[in-house]
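Engineer: Take a look at the letters that make up each chain.
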Amino acid sequence: GAVVSQHPSWVICKSGTSVKIECRSLDFQATTMFWYRQFPKQSLMLMATSNEGSKATYEQGVEKDKFLINHASLTLSTLTVTSAHPEDSSFYICSARRPGLVVGGTEAFFGQGTRLTVV
Amino acid sequence: DAKTTQPPSMDCAEGRAANLPCNHSTISGNEYVYWYRQIHSQGPQYIIHGLKNNETNEMASLIITEDRKSSTLILPHATLRDTAVYYCIVFRGNTGTASKLTFGTGTRLQVTL
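Line by line, the protein sequences are chains A and B. Using the numbering used here, the letters of the first sequence correspond one by one to residues 6 to 124. Using the numbering used here, the letters of the second sequence correspond one by one to residues 266 to 378.
Fair warning: there could be bad hints in the mix.
Said to hold, decoys possible - With a straight-line cut-off of 30 Å between C-alpha atoms, the simulated BS3-like cross-links for lysine-lysine are:
1. 46(A) / 334(B)
2. 71(A) / 25(A)
3. 60(A) / 19(A)
4. 365(B) / 25(A)
5. 46(A) / 268(B)
6. 334(B) / 268(B)
7. 19(A) / 69(A)
8. 69(A) / 25(A)
9. 365(B) / 69(A)
10. 69(A) / 46(A)
11. 46(A) / 71(A)
12. 60(A) / 268(B)
13. 334(B) / 365(B)
14. 60(A) / 25(A)
15. 317(B) / 334(B)
16. 268(B) / 69(A)
17. 71(A) / 60(A)
18. 317(B) / 60(A)
19. 71(A) / 365(B)
20. 365(B) / 268(B)
21. 365(B) / 317(B)
22. 46(A) / 19(A)
23. 334(B) / 60(A)
24. 317(B) / 268(B)
25. 71(A) / 19(A)
26. 25(A) / 46(A)
To be verified - Okay, the calculated bits of chain A under chain B, using three or more residues with CB under 8 Å as the criterion:
27. 48 to 61
28. 113 to 123
As the list claims (entries may be wrong) - Facing chain A, from chain B, some residues (calculated, C-beta under 8 Å):
29. 278
30. 282
31. 306
32. 308
33. 367
34. 371
Rather than coming from a laboratory, the hints here were simulated on the basis of the structure. Source: prediction; values computed, not measured. Note that the Cβ used here is the ideal one computed from N, Cα and C, for glycine as well.
The following block holds chain A by itself, in its conformation from the complex (with noise of 0.2 Å):
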């Protein structure tokens, strides 16, 4: 079946540096995936919506020039967190939709998730 994979899965990282975490659409086309974070113990938090040859929408909240994110081909969403800081530490997770395989709608695909830790 369709997959979503991510890259990293987990991440360590000095304060105030950048890390870029990688997702793709293996084997359908993405114009649209979406980035949410997860810190312990609760719910996945949509961050931005990321679209492909334009720029990513961000939720309410998110710093856009703290979550860069580029969807420069049909497969694969990056979002870099720029110089980060321990608060920064989470569980990232990225999604695509892929339209077509269920009634009543399209079938959201997750990754495995990228633990970023910021020491």
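Following the hints, put chain B in place on chain A, whose structure we already have.
Structural biologist: What follows is chain B alone, placed relative to chain A:
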């Protein structure tokens, strides 16, 4: 999209049926009920969805009340691997690939021996 209410946690003995309720009293006519689950430190996994009829697949059954204000996800024979957080989401289907899913707090299901 309509909000949902789920109990924060439930326990279930292995081999028994797990019945997870969800209230969505403000659901509108064109909104579907979707269920996802998230096993610890993994991305969410699609389980099932429905509009008004009961649905069944290889993973679970979905029972939607006639007034559509609530639903129940049934895992017929729960195993330890079903331990996860289960999210009930109501969503307008057929709105294209740009429509986003919004997650509530979900139900943490603990399956025990």
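Engineer: If a hint holds in the structure, say so; if it doesn't, say that too.
Structural biologist: Now the hints, each set against the structure:
no. : hint            : result
1   : 46(A) / 334(B)  : 27 Å, holds
2   : 71(A) / 25(A)   : 12 Å, holds
3   : 60(A) / 19(A)   : 28 Å, holds
4   : 365(B) / 25(A)  : 23 Å, holds
5   : 46(A) / 268(B)  : 20 Å, holds
6   : 334(B) / 268(B) : 11 Å, holds
7   : 19(A) / 69(A)   : 21 Å, holds
8   : 69(A) / 25(A)   : 14 Å, holds
9   : 365(B) / 69(A)  : 18 Å, holds
10  : 69(A) / 46(A)   : 25 Å, holds
11  : 46(A) / 71(A)   : 24 Å, holds
12  : 60(A) / 268(B)  : 29 Å, holds
13  : 334(B) / 365(B) : 22 Å, holds
14  : 60(A) / 25(A)   : 17 Å, holds
15  : 317(B) / 334(B) : 10 Å, holds
16  : 268(B) / 69(A)  : 27 Å, holds
17  : 71(A) / 60(A)   : 14 Å, holds
18  : 317(B) / 60(A)  : 37 Å, violated
19  : 71(A) / 365(B)  : 22 Å, holds
20  : 365(B) / 268(B) : 14 Å, holds
21  : 365(B) / 317(B) : 21 Å, holds
22  : 46(A) / 19(A)   : 24 Å, holds
23  : 334(B) / 60(A)  : 37 Å, violated
24  : 317(B) / 268(B) : 17 Å, holds
25  : 71(A) / 19(A)   : 16 Å, holds
26  : 25(A) / 46(A)   : 24 Å, holds
27  : 48 to 61        : holds (count 6)
28  : 113 to 123      : holds (count 7)
29  : 278             : 24 Å, violated
30  : 282             : 24 Å, violated
31  : 306             : 7 Å, holds
32  : 308             : 3 Å, holds
33  : 367             : 7 Å, holds
34  : 371             : 6 Å, holds
In terms of the numbered hints stated before, the structure departs from hints 18, 23, 29 and 30, listed from lowest to highest.
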